[in-house]
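**Q** Residues per chain, in single letters:
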Amino acid sequence: MEPFLFVPLLFAASIAIGLLGSLAGVGGGVIFTPLFLAFTAADPDVVRSTGLALAMTTSVIAGARYLAAGLANFRIVLFASSFMAPAAIMGAYMGLYVTAVFPQGAALVRLSLGAIMFLIVVLLTVKRVEWPEVPESDWLAKRLGFPSSYWEPSLRRTVKYNVRNTLQASAFLVAVGLISGLFGLGGGWALVPVYNLVMSLPLKVAVGCSVATLAVGDAAGLWVYVNSGAVVEQLVAIVVPGVMIGAAVGSRIALRIRARAMRYIVVGVMVVSAVQLLVRGAEELWA
Amino acid sequence: MGIGRLYGRAASYTAFAGMVMLVVGLLAQIVVAPATASCLLQATLGGEGDAECGYGTTLPTIPMRLGLLALASSVMVGLIAVMPHAARERDITLLIFMSIVLALISVSAAGLVRIVH
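Sequence lines, in order, name chains H and R.
If you're matching positions, the first sequence starts at 19 in my numbering and goes up one per residue.
If you're matching positions, the second sequence starts at 463 in my numbering and goes up one per residue.
Keep in mind the hints are simulated off the structure, nothing from the lab.
In this text, a Cβ means the ideal position worked out from N, Cα and C, and glycines have one as well.
Which residues of chain R face chain H? A partial, calculated answer using Cβ under 10 angstroms:
{"id": "1", "residue": "465"}
{"id": "2", "residue": "467"}
{"id": "3", "residue": "469"}
{"id": "4", "residue": "472"}
{"id": "5", "residue": "563"}
Beta-carbon label-pair distances, calculated as ranges:
{"id": "6", "chain 1": "R", "residue 1": "572", "chain 2": "H", "residue 2": "83", "range": "30 to 40 angstroms"}
{"id": "7", "chain 1": "H", "residue 1": "163", "chain 2": "R", "residue 2": "494", "range": "51 to 61 angstroms"}
{"id": "8", "chain 1": "R", "residue 1": "494", "chain 2": "H", "residue 2": "271", "range": "33 to 43 angstroms"}
{"id": "9", "chain 1": "R", "residue 1": "552", "chain 2": "H", "residue 2": "158", "range": "14 to 24 angstroms"}
{"id": "10", "chain 1": "H", "residue 1": "282", "chain 2": "R", "residue 2": "510", "range": "29 to 39 angstroms"}
{"id": "11", "chain 1": "R", "residue 1": "482", "chain 2": "H", "residue 2": "300", "range": "41 to 51 angstroms"}
{"id": "12", "chain 1": "H", "residue 1": "158", "chain 2": "R", "residue 2": "550", "range": "20 to 30 angstroms"}
{"id": "13", "chain 1": "R", "residue 1": "486", "chain 2": "H", "residue 2": "303", "range": "41 to 51 angstroms"}
{"id": "14", "chain 1": "H", "residue 1": "149", "chain 2": "R", "residue 2": "497", "range": "54 to 64 angstroms"}
{"id": "15", "chain 1": "H", "residue 1": "178", "chain 2": "R", "residue 2": "494", "range": "51 to 61 angstroms"}
{"id": "16", "chain 1": "H", "residue 1": "153", "chain 2": "R", "residue 2": "508", "range": "53 to 63 angstroms"}
Extracted from the complex, chain R is given alone in its bound form (with noise of 0.2 angstroms):
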């Protein structure tokens, strides 16, 4: 298999998996506690981001949390994915690449504790 097809496989798996969690939070949310993600949703589009919601639970706010974790990291899946097999290859040119993307989205993603929080 060729190194960008298994790049895109590893990243749109990932990022597929992140979505299938979001929306098993949000609906989770939504049995849980209806009136919150409405609310939550009508006060952000409204312009009021600092409303009263409550989260009802917190429970279906991990799979959310983990789902967008899984979904912004999904492009650095696949290039972490697909390194061993270009440094197989010995395709210098493409490593050197790889690890120039890598480390920009890493620093980007250096505060990444606030998700988890």
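The following block holds chain H by itself, in its conformation from the complex (with noise of 0.2 angstroms):
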């Protein structure tokens, strides 16, 4: 293809990933990593590396956001980050290692990518609770400052929470962590529902704090691939300003349109991905 025309075309694949994204209320990397591995022939390792680099930046950048208004806190996020980071940098080192040492690697990271896309459409399906009530905070939860408060525009008044299951919590980030690092997949679609179902922070907070924990976990993941040299630097250049960029237009048409109807798309487009993953690592396998 001409020069030209490449660098233009992946960035608007970028940004369409980016809006897609923004209005189904996913990050981009649920949806770029997938799509990437299941569509092109790109290096496995490439391709999660960009995906954990972009997870990694816009959390890092809505996660300040959160942060400012009070909607994440910074108590659970470095708690949680404290279990994520390291679980995050075995996947990553567990993602490299299948790829270097196992002739099927890249075959066995898609088949597996392609069974846990199954789990993330479900996840994305289970309904959360706005307001959890819980009377008290677990003894961990209080020892550690976890209970907060925040203001709620739409009840106009601050609304105190309490923090259960910390413990329990803790390996369910173990878990979000090795799979981020593993896939490159970010890991909202996890750790929304960990926050919310498992420690019953109020939705708004549990969005918050997940956004702002993945910017800590990625982090530590995106360094062993920076380390091992699996990061393109333009590919990276063009597919995380294009997702952000995708995702500001995104959020300022998401009210005006059917949020549900574009969910079930991107739905669609997980399942696709993912049934194209698992049938090309079933041929690979055993080619």
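With the hints as a guide, dock the two chains, each given alone in a separate frame, to form the complex.
**A** The structure is reproduced here in structure tokens:
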């Protein structure tokens, strides 16, 4: 393809991914990584590292807004990060090991990612609780100073919240970190349910904490890929700004269109990617 | 200003600066050696990572590498920026968690010399 055509085309595709993700309320990484692993011949390490860079950058910038608005609890974010970061590092090393050591490593990555995509689709449809009722925080949450409050404009009052299942949540955080580092997916699709349904944080706080936590966990995983030389700067320089522009435009027009319809489209894209990943992975494995 | 807000600002400004440097580097490469960036990307996405695209000139790769360095270090910058504030407020819990997270990211960033070379 002509040099002057390929770069703008890739940039336009990145904008479309950001737009779609933003309208459906999911991160760009969860669309980018499966799509590029399923439909391009790119090296899985390069795709995963770009997905991780994408998830990290968007989370750092969006996380700052949530922290400034008081919707992300910095103590919870740091607690969760101390579980997610080592798991993401481990996941990234595992991912690189699988593709480097096993001859069919790329096929294994595609197959397992295809299976995980179905889990993500299920998690995206799980009903969240806006304001979970928790009479009292558990001992660890109290000790670490997690109970807090935030201003809720729709209720025109400050909402106080308690936190429970802090220890149990740490196991989930390790799992999310591992998957995030292994596949370069980000992890908002899993972190929001963990914060909202396991730790019983109000939905807005769960989303804010999820975004801010992802930045830290993904940064740890990203370094492993950077050090292995799997990051192609040119790809990151096109995909990350493209997705961010798409997400910014998407958040502006999200109020004017039917979010549910967009969610169905994204779920459809994810299912098609998952099927393609499974088919391609199986073909490569038994070739 | 709260510690969370300060961390967010420091981290996001660093990440944004990194992104700008990456884009500047890419644009410079497109201007100086139009075929190189496109060839690299087509080879990467086409599964021909070892294709000979040439670097055109190494100059544009410098801002790109610095951009990647800033992008990947943004969280660390944010945490380092707020550590003195947490220490001043004698918030031991926060300091402990910050140190743990910072140590973890530093361990995974230990080989960052690769970017420079």
